[in-house]
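Q: Let's have the full structure, built from the sequences with the hints guiding it.
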Amino acid sequence: MARRKKSGIISWLLDRMSDWAVGMLTKPLKRYALHIPNDIAALKRHVRKGDVILVEGNERISECIKYLTQSSWSHSMLYVGDEPIRRNPEMKAPLVAQFGEEANFLVVEAIVEAGVVLSPLSKYRDFNIRVCRPFNLSAADLADVMDEAIRSVGDTYDLRNVIDLARYFLPVSLVPARFRRQALQFGSGEPTRVICSSVIASSFHRVKFPIVPNYEQLPPATLPPEPPRRKLWPIGTRTTGALQYGALRLVSPTLVTPRDFDLSPYFEIIKFNIIENMRFDYHKILWADDAPSAPVKKGA
7 MARRKKSGII SWLLDRMSDW AVGMLTKPLK RYALHIPNDI AALKRHVRKG
57 DVILVEGNER ISECIKYLTQ SSWSHSMLYV GDEPIRRNPE MKAPLVAQFG
107 EEANFLVVEA IVEAGVVLSP LSKYRDFNIR VCRPFNLSAA DLADVMDEAI
157 RSVGDTYDLR NVIDLARYFL PVSLVPARFR RQALQFGSGE PTRVICSSVI
207 ASSFHRVKFP IVPNYEQLPP ATLPPEPPRR KLWPIGTRTT GALQYGALRL
257 VSPTLVTPRD FDLSPYFEII KFNIIENMRF DYHKILWADD APSAPVKKGA
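Just so we're aligned: the sequence shown equals residues 7 to 306 in the working numbering.
Misleading hints may appear alongside valid ones.
Listed next, the in silico DSS-like pairs over lysine-lysine satisfying Cα-Cα at most 25 Å (straight line) [stated by the list, open to error]:
1) Lys36 - Lys72
2) Lys129 - Lys36
3) Lys290 - Lys55
4) Lys129 - Lys277
Worth flagging that the hints you see were computed from the coordinates, not collected in a lab.
A: Now the structure itself:
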């Protein structure tokens, strides 16, 4: 009986500490600079299902992730649009009641205080964002990515993985770099606990779409023989280099961070704010230094 009471007290203390940590990490920062106003209407026209949207957050945990990853991007989410409603018509009424017309423009994201949730795209209207599009992703694989992401809604946030990422990225020499990834392979070890980037990485991992894979050069003995080619014209023919023969190894989703989608060569960057405005002319920008100063009112 005493052990049960002791266990209950410890559990209660851990819950209180967790609540305190979440409150501290999610506290908004006083200073936040929006680099350029977002054209949400243009974003809705050009964003596609399966796009990864990166966000420069305004919370304390955002600053931690930006520092640890040496990147401007602290949060990531997957655009799914109206896919949840299409797949489950019963969700239409509650989603429309909660988000109105924005229920047709939804993202899957993992946030500290609520876990994996569906949120409207317009939620990040006043944040610095970037759209990353998986290059040449097939329709069948896109459907699988959507399946995995939507299925993860309801999972809880993995604070343990954030601590592990901090241990991995901080410039310490106690643990050799080659051992850090192995030590962090599964984060908390619970499959229903994720962070924002890992839930997206898991979705792409399902169809083996690369984000930041490791490249391994194959030994010469294992290289496949190059078939003979009939050269119709010697000029401009392509030669197969040794770098083409290699193997890519997927990185654990728990080690993928928001910046990896930005740096990945397998994702395109979509400039939605000026994608339609082909008449953009930087000569017509009104710079603050060149703007006429306001007249100074003199007292009577």
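Q: Which constraints among the numbered hints does this structure fail? Numbers only, ascending.
A: 3
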